[in-house]
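Enquirer: Please construct the entire structure, taking both the sequences and the accompanying hints into account.
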Amino acid sequence: MPEDIHLKINGQAVSAPAGSTILKAASSVGVEIPTICYHDYCTSNGLCRICVVEVSGARTLTPACVAKVNEGMEIQTDSPRVRRARKTILEMLAASVDLSDAPDIQAMLVEYQAQPDRYPDAQTRSPEVIQDNPMYIRDYAKCILCWRCVQVCAEDAQFTYAINFSGRGYRTQIGTFFNRPIPETTCVFCGQCIGVCPTGALKPKKQWLMEQGQTTDEIMRLTRSQRRAKTKKTTQPAPEGGAA
Amino acid sequence: MDDLDLSPLKDRLRLLQPKGRSGLLPALHTAQDLYGYIPEFAAEEIARTLRVPLADVYGVIDFYALFLKQPAARTVIHVCADPACAMAGADGVMKRFSQSVASKNTAEGSLPELVVERAPCLGLCEHAPAVLVQGRGATASSAQSYQDLVKGKPEHPRSVIGRSINLLTANCGKGRPTTLEEYRQSGGYQALEKALSMRPGEIITMVKASGLVGRGGAAFPTGMKWEAAANAPGEIRYLVCNADEAEPGTFKDRVMMEEDPHRLLEGMIIAAYAVGAQKAYLYIRGEYLYPYEVMSRAIDEAAAAGWIGETIHGSDFRFEIEIRRGAGAYICGEETALFESIEGKRGFPRLKPPFPTTAGLFGRPTVINNVETLCNVPLILNLGAEEYRKIGTEKSPGPKLFCLSGDVARPGLYEVPFGIPLRVLLEELAGGVRGQRPLQAILFGGAAGVFTTEKDLDVRLSFEDLRAVGLPLGSGVITVFDDTRDMRDICYRLARFFAEESCGKCYPCQIGTQRQEEILHRINRSQPQSEDWDRLQDIGWTMSDASICGLGQTAASAVLSAMRLWPHLFKPSV
Chain A
1 MPEDIHLKIN GQAVSAPAGS TILKAASSVG VEIPTICYHD YCTSNGLCRI
51 CVVEVSGART LTPACVAKVN EGMEIQTDSP RVRRARKTIL EMLAASVDLS
101 DAPDIQAMLV EYQAQPDRYP DAQTRSPEVI QDNPMYIRDY AKCILCWRCV
151 QVCAEDAQFT YAINFSGRGY RTQIGTFFNR PIPETTCVFC GQCIGVCPTG
201 ALKPKKQWLM EQGQTTDEIM RLTRSQRRAK TKKTTQPAPE GGAA
Chain B
1 MDDLDLSPLK DRLRLLQPKG RSGLLPALHT AQDLYGYIPE FAAEEIARTL
51 RVPLADVYGV IDFYALFLKQ PAARTVIHVC ADPACAMAGA DGVMKRFSQS
101 VASKNTAEGS LPELVVERAP CLGLCEHAPA VLVQGRGATA SSAQSYQDLV
151 KGKPEHPRSV IGRSINLLTA NCGKGRPTTL EEYRQSGGYQ ALEKALSMRP
201 GEIITMVKAS GLVGRGGAAF PTGMKWEAAA NAPGEIRYLV CNADEAEPGT
251 FKDRVMMEED PHRLLEGMII AAYAVGAQKA YLYIRGEYLY PYEVMSRAID
301 EAAAAGWIGE TIHGSDFRFE IEIRRGAGAY ICGEETALFE SIEGKRGFPR
351 LKPPFPTTAG LFGRPTVINN VETLCNVPLI LNLGAEEYRK IGTEKSPGPK
401 LFCLSGDVAR PGLYEVPFGI PLRVLLEELA GGVRGQRPLQ AILFGGAAGV
451 FTTEKDLDVR LSFEDLRAVG LPLGSGVITV FDDTRDMRDI CYRLARFFAE
501 ESCGKCYPCQ IGTQRQEEIL HRINRSQPQS EDWDRLQDIG WTMSDASICG
551 LGQTAASAVL SAMRLWPHLF KPSV
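Chains as they are written, first to last, in this note's numbering: chain A, 1 to 244; chain B, 1 to 574.
Since the hints were made in silico from the structure, they are not lab data. Glycine included, C-beta positions come from ideal geometry on N, C-alpha and C. Certain hints may be false.
[What the hints assert, rightly or not] Partner residues are not named here, just some residues of chain B that face chain A (Cβ under 7 Å, in silico):
(1) Glu40
(2) Leu54
(3) Ala55
(4) Asp56
(5) Asp62
(6) Leu351
(7) Cys503
(8) Tyr507
(9) Asp538
Expert: Laid out in structure tokens, this is it:
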């Protein structure tokens, strides 16, 4: 049993096992700290900084999802400084990508009184939807760069390494080797990336087609014709819009 | 593509294979040297040989600005457009060159003769407007067209050295590197001989007593850093020299490497001996091709003379230095991003803790020091801590290099003792504002720095005095602006620099640098919106307070200081 660390969260005395994160210690006494990129089963990278809290004596705000508790720590999880950072990050994010499929983030926008239209002339990230395989689509206009898909594709789960990053800074995007279509990568269609995507940027193709207004019958007809096209592929190229 | 031959690449990759993923940046440089860019099949071969996933290789290629995925042109000219060069007419150079190039690149489908590209600060600020011609530094100050630069081999611009003392720059100013023999004649490597007769712990004690603090910007006490790494558990330790000098306005490390390479090597060998490192990496920014060549030759010279290698002058200390070239990413000057880069990854800064002294390069205890910091080490050994402390002030001992550029009569590298007034450096040593125009502003610390005005001209240049007036010493950058300069334009360029150099890891910096650039772009076109003031404040404070690393934490520093000094510039006119 690790020994207990004693600290104060929003003035309340808390004890937590050594090695706990501030996030877990706070949660154990009912103080919920918001998170976006954090996932219980993925490596935490402290990217989104929504979970930042104010630790007495620290020069800058501290990410609660990765920072460990220390003896005597005094933490404010909802101070004006913290709220200003969270509100600004949410507003900037809302001006960058399509959050329509991210209800948790939308709720945070309300909670922090963030104005989604704070940056009216901002350049958004809005690439075309990529449909390059029969199993799932990639709609990076909804991607918030939480890194979870890259991580589960690599050491966090599947060890497949089909996807990584392209570009950098605001122009970062998740991508494949020289933007090759997914079927030409090491992807094994395990679906784990879709499972951890928090914003609907990765979706099963069928779900996406239904959202586009197609009926199950139409989708069945489409996939049937695609399968036929694929069997003929040895003799002639697949028709445009084909699966592979 | 099929006509490109893979066999020369395979030959060279064989040497890199034992390095595994850590050989990725050298391998990509090799491919680009061979083919002019990194063809897909070469990237695949590299991935296979070094056993790195294909997607990861692409992620690395696309992170670094100097790696090309397509053939560019026979000749590439990079034009710096950051403040010092912009004030010297970089935009005009860019325009003139692009126009004369347009008429030249006519043949369709074939590779263009020449491409002119805008680049971040090239570390040639005293030669503004600075350019790279096929990776070679040059000044475009007298070039009417690009032909003036590409015909013949452009001459490497000669460094301008000014000083009130010459302890670090004693061998600088010749316009060529100091040879090993010359270095020896001037007393070089005596400090190392002395160090090898001491116990490592004694050297650390001496460096601690000297009061040396890091010259790269963070001002961390060097001796404490060494002690922490020396005491960290484990047999393997690394020394890393950070020569990824890319802060706009900084060129001191370049001059030290070009003119006195053995001083740096001597400092590195002493540091490695003191902390128990058997291997060092010297990470030089990708744009510094000439310093890379000078340092490579100097390492060969030092190895031939027995200062680097299996046994160093009869001692049982064994030591090697490997040079790594960056590839165009300012973020790699951040120490943990630099480790990632050596390890063959995208230059994402790591979360701290753990700190480098316990878990740094390859997860091992690592000391990482700036070039200028290490150049101080032989001096401390030669003088002893007590004599060294007589230079400078009590709290900021030693000599300091300052990089002066912009609207100053004599831009260049200046060596002075800590504690001299800014006015003495600017007016007496550097000749004051160019053309004796009134001073409008001084930017302290580069793009990540803070603006001030003549009100601070009498501040003494020491860590403690500058801190008292809220100015960062940073890495010793002083950029001067006369009364004709539009500070909105300068702020926009700084914002653009950060937007282009943000790694994209944490949201505040990834998005904040972009939003900050957009707003400053419209302010620079005299179209500020009434809410832009509050937006810039929120973005700036959030980046400063919530970003992972020093890049994001300082990406709004200069802009916020400009808003304090000249609020009217950022508001709509009434």
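Enquirer: When the nearest CB of chain A is found for alanine 55 of chain B, is that gap smaller than 7 Å?
Expert: Cβ of alanine 55 of chain B sits 4 Å from chain A, so the hint holds.
Enquirer: Would the stated hint for leucine 54 of chain B survive a check requiring a Cβ distance to chain A of less than 7 Å?
Expert: Cβ of leucine 54 of chain B sits 4 Å from chain A, so the hint holds.
Enquirer: With a cut-off of 7 Å on the beta carbons, see whether leucine 351 of chain B makes it to chain A.
Expert: Leucine 351 of chain B check passes; min Cβ-Cβ to chain A is 5 Å, inside 7 Å.
Enquirer: Have a go at the tyrosine 507 of chain B hint: is there a Cβ in chain A nearer than 7 Å to its own Cβ?
Expert: With Cβ-Cβ at 5 Å, under 7 Å, it holds.
Enquirer: So, cysteine 503 of chain B near chain A? Judge it on the closest CB pair being under 7 Å.
Expert: 6 Å, holds
Enquirer: Does aspartate 56 of chain B meet its interface restraint, that is, does its C-beta lie within less than 7 Å of any C-beta in chain A?
Expert: 5 Å, holds
Enquirer: May I ask you to test the interface hint for aspartate 538 of chain B with respect to chain A, counting a Cβ-Cβ separation under 7 Å as satisfied?
Expert: Cβ of aspartate 538 of chain B sits 5 Å from chain A, so the hint holds.
Enquirer: Does glutamate 40 of chain B pass the interface hint, meaning its C-beta sits closer than 7 Å to a C-beta of chain A?
Expert: OK, holds: glutamate 40 of chain B within 7 Å of chain A, min 5 Å.
Enquirer: Was the hint right that aspartate 62 of chain B lines chain A, CB cutoff 7 Å?
Expert: With a closest approach of 5 Å, the aspartate 62 of chain B hint holds.
The structure agrees with every numbered hint stated previously.
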